[in-house]
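Engineer: Sequence:
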Amino acid sequence: MLSRIAKSPPGPPGWPILGCLLEIDFSRMHDSFDQWAKQYGSLILCKMATKALVVISCPRLVKKGLAEKSCSDVLNDRQDTFVSKYIMDNAKGVLFGKYGQTTTELRKIMYKGLNTHCQAAPQFEIIARKELERLINNVADQRGRDFNPNELVSSSIANIVAILLSGSVADEKDAEVIWEYNKAMRKSIEVTTDSMLLTFPFLRFLPVEVGRRYRRTMQAKEDLLKKFFHSNKETYEAGRERGLVDILLKLKSQEKLNGDIQWLTDSNIKAIIQDIIFGGLGSITYGILSLLLTLLHHHECVDGIYQEIVKVIGLDRCPSLQDRPAMPYTEAVILETLRYITPVPVSGPHRAMEDVELEGYTIPKEATIMINIWTIHHDTAIWGDPWTFRPKRFLDDNGELLPEDHTLRQSLVNFGSGPRSCVGENLARSRIFLYLTTLVQTFDLLPPEVGTLISDDPRTFLPGGVLRPPDYKMRAVAR
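Under numbering that gives the first Met the number 0, the first residue of the sequence shown is numbered 0, with each subsequent residue one higher.
Just so you know, not all the hints are guaranteed correct.
As the list claims (entries may be wrong) - For lysine-lysine, the following DSS-like pairs were computed, each having C-alpha atoms within a straight-line distance of at most 30 Å:
# : residue 1 : residue 2
1 : LYS68     : LYS50
2 : LYS182    : LYS50
3 : LYS186    : LYS97
4 : LYS97     : LYS172
Said to hold, decoys possible - For each label pair, taking beta carbons as the anchor points, the in silico distance ranges come out as:
#  : residue 1 : residue 2 : range
5  : ILE125    : SER230    : 20 to 26 Å
6  : GLY463    : GLY359    : 32 to 38 Å
7  : LEU394    : LEU21     : 42 to 48 Å
8  : LEU17     : GLY463    : 21 to 27 Å
9  : CYS317    : GLY359    : 24 to 30 Å
10 : GLU299    : ASN257    : 54 to 60 Å
11 : GLN122    : LEU256    : 21 to 27 Å
12 : LYS391    : GLN261    : 47 to 53 Å
13 : GLY99     : GLU399    : 38 to 44 Å
14 : GLY463    : GLU175    : 41 to 47 Å
15 : GLY450    : ILE125    : 27 to 33 Å
These aren't lab readings, by the way, just hints derived from the structure by calculation.
Backbone N, C-alpha and C fix where the C-beta goes; we use that ideal spot for every residue, glycine too.
Given the sequences, and given the hints that come with them, work out the whole structure.
Structural biologist: Structural data, given as structure tokens:
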């Protein structure tokens, strides 16, 4: 697998002992990675104290490293972190789980639960549609006046997650519990917090900031699992499965009854609940808020989506997922938003289990590997005009969506590649489609009457693991 002479990828030299620790802003890692990619290329290696960090900034290398058999079995593990050990119960779920058969089987179960038993189930879409109607009514209550969409959208997406998990209409407390967990986890997983607690785990008991963050996260976790695991388990009835938690409880029982290998335990189910909220809530919410902001700057796209709605759906029924294949322009707007905004600019970290050769370079054992999604999505060599919002780049001359094997479609890596690609991709893209088409069918989306609309340039967005636009105001005028 390795060449005769090991050759390290190029990268910044860094400082003795510290390496590049002082040269990177951990809240905006994508900016540092982008600068390094321009200087050193699409595969770089730098030292972070005693650790090696490898950054991939090329879609071809992403697939070669993470999806092709020669490398994927080596580069798809996860690093040990404080969060995975102490908060995620030794990485019992999919998101933080170690690479191997257990995580592979849990991933299959999670995918099946999300895409077959939940999203494909009429009952889920019926209840989810009621949540969308609630959002539409809340927007209509603004009566065409300026309003901040943040609270309405964030609450609605949290309710959709609650419906997915429990299979019942969300109550007023669900969004609060879900967002409290998500925000607490975001603080705990910050590089400085996680590394400090991993090195000095006793700090979690002390009255210091990292300790307070840990205790807040554990309380939020307890509240979350009480709401969505324990209460569902107590009321679960075999044969009357309501939501994803019930489906997982059913599959666990079937494994035990059939004498199969027990892949699912209560700990695994609890971790999967946390995976869904931590992995999907922010990216979907801020993706929709970013999409709305971009449409306010490009009203011609609102008109284009509306014309497609009138042609395909009409105005007498609600949009459904079955409409997606017949709405290439709307899909192109969503794809261009995922590219232009890139809500998650850097992938979750992978771990090299052994030395492996990639593109003639040696990736050392124990190296951390990260996908620089931001640079890939704004590479002039791929996109030509990456800082222009232009949905038609994803359409052919006949106005049809480019096929999935087209170079541009293959260069979209929002959801990763290979065994670690995002299990919730279908959930995210389907919710964005339904929210977008339902809003545009009902309202004309316009900039605020008072004040100046903030920029939709993602370089101005608030930093973090998920980029989000600053609060802004808009108008929604009933059609």
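Engineer: Each hint needs a verdict: does it hold in this structure or not?
Structural biologist: Status of each hint after checking the structure:
1. LYS68 with LYS50: Holds - the C-alpha atoms of LYS50 and LYS68 are around 25 Å apart, at most 30 Å.
2. LYS182 with LYS50: Since the Cα atoms of LYS182 and LYS50 sit roughly 28 Å apart, the hinted pair holds (cutoff 30 Å).
3. LYS186 with LYS97: Distance ~22 Å between LYS186 and LYS97 Cα, so the pair holds.
4. LYS97 with LYS172: violated (33 Å)
5. ILE125 with SER230: 20 to 26 Å: Hint holds: Cβ distance 22 Å, inside 20 to 26 Å.
6. GLY463 with GLY359: 32 to 38 Å: Taking Cβ atoms as reference, GLY463 and GLY359 lie about 35 Å apart, which means the hint holds.
7. LEU394 with LEU21: 42 to 48 Å: holds (45 Å)
8. LEU17 with GLY463: 21 to 27 Å: holds (24 Å)
9. CYS317 with GLY359: 24 to 30 Å: violated (53 Å)
10. GLU299 with ASN257: 54 to 60 Å: holds (56 Å)
11. GLN122 with LEU256: 21 to 27 Å: holds (25 Å)
12. LYS391 with GLN261: 47 to 53 Å: This hint holds: roughly 51 Å between Cβ atoms.
13. GLY99 with GLU399: 38 to 44 Å: The hinted range 38 to 44 Å holds for GLY99 and GLU399, with Cβ atoms some 41 Å apart.
14. GLY463 with GLU175: 41 to 47 Å: With a Cβ separation near 20 Å, GLY463 and GLU175 fall outside 41 to 47 Å, so the hint is violated.
15. GLY450 with ILE125: 27 to 33 Å: violated (39 Å)
Of the hints listed earlier, those the structure fails to meet are numbers 4, 9, 14, 15, in rising order.
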